[in-house]
Amino acid sequence: MINVTEYNPTEIAEKLNLKPYQGRQIFRWLHKKCVFDFEQMSDLSKELRQRLKEECSASQLSLVSMSESNRSTGTKKALLRLADGETVETVLIRDRERSTICLSTQVGCAVKCAFCATGASGYTRNLNPGEIVEQALYLLAGEDMEGRSPNIVFMGMGEPFRNYEATMRSIRLLMASDGLGIGARRITVSTAGEVKGIERFAEENWQVRLSVSLHAANDALRTKLVPLNKKYPIEALVKAIKSYIEKTGRQITFEWTLLKDVNDSQKDAEELVKLARQLKASVNLIPCNPVADLGFAAPPPDRCATFRDILVRNGIVTTLRRERGQDIDAACGQLRRRIADSGGEAPQTS
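Numbering that gives the first Met the number 0 puts the sequence shown at residues 0 to 349.
Don't take every hint at face value.
Stated by the list, open to error - With a straight-line Cα cutoff of 27 Å, these simulated DSS-like cross-link-like pairs (lysine-lysine) come out: (1) K279 with K266; (2) K246 with K230; (3) K223 with K246; (4) K14 with K32; (5) K230 with K266; (6) K223 with K241; (7) K238 with K195.
Calculated from the structure, these hints are not laboratory results.
Assemble the whole structure, with the sequences as input and the hints as a guide.
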């Protein structure tokens, strides 16, 4: 069976020996109208629809659970089951100006950041491009986007640069004009510091953004929080980022999960200021979404604000995210882990 969700219009036409316009028609149904039932593709001939049903598959995902935050934050989270029975998470964060979709690239994650539920569950496999893109299509189905395409962030389950080819291909599918047509500058890939991936990403000829999950600006603490730092310490990471900036002319963003009494002190902020200044990087501060048994918590709001203010006073462009979605386990890997721990019983959708 040919999984048509993984291919662009030209490839669909070539694989099925169709005319180019027919490849575009099929692609639009899948990627623009979010329709996966071949029988509903009404502008295709009856014969072609029958052939698609016999030779192709479209949807690789089925819904396990869809939850929406009851705290008026506009956060929606889906737990989706793959064809082999594994599950992945994806999140839609609604905002007045523009919604953001957070996509997963792997089932689990081998990086194992200390505060991350996904890492605590271990790594299973990479996702294919269709499985990645379909997460966005699932969340967008039935959503009124008011003519505005969403932001896409590759910050869900997994390390995108450890599934490089599939991640890059999924980005191109998301950008395709016959599909969602999302602009490159509205797409961000987040890495935990996979230096080889950063070097490779610098060679891509596009305006897709890069963010680095830093969480600590000294090697001793960062190695505890992000074990990948043993392989690529901060010096190597900084070197790769500098090369990326020189080659692309684009700035990067540091992601910093604020952990109570771990990386939220004045000293931590001052170390971050020094590093961000050196690289002219902006900073996203994210209060920790607590994960059971991992022992981390978010600092009080005033402490988060104090940390932000230190950065701002020193000229660092800084965003402090609101705490959102705790009631639906919106942090990466939380819902999947909770269901696995409960023996596979999904929560009620809302």
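Going down the list of hints, with the structure as the test:
1. K279 with K266: Within the cut-off at roughly 19 Å; holds.
2. K246 with K230: Holds, at about 24 Å.
3. K223 with K246: Since the Cα atoms of K223 and K246 sit roughly 31 Å apart, the hinted pair is violated (cutoff 27 Å).
4. K14 with K32: holds (22 Å)
5. K230 with K266: holds (25 Å)
6. K223 with K241: Status holds; Cα separation ~24 Å.
7. K238 with K195: Holds, because 11 Å separates the two Cα atoms, which is no more than 27 Å.
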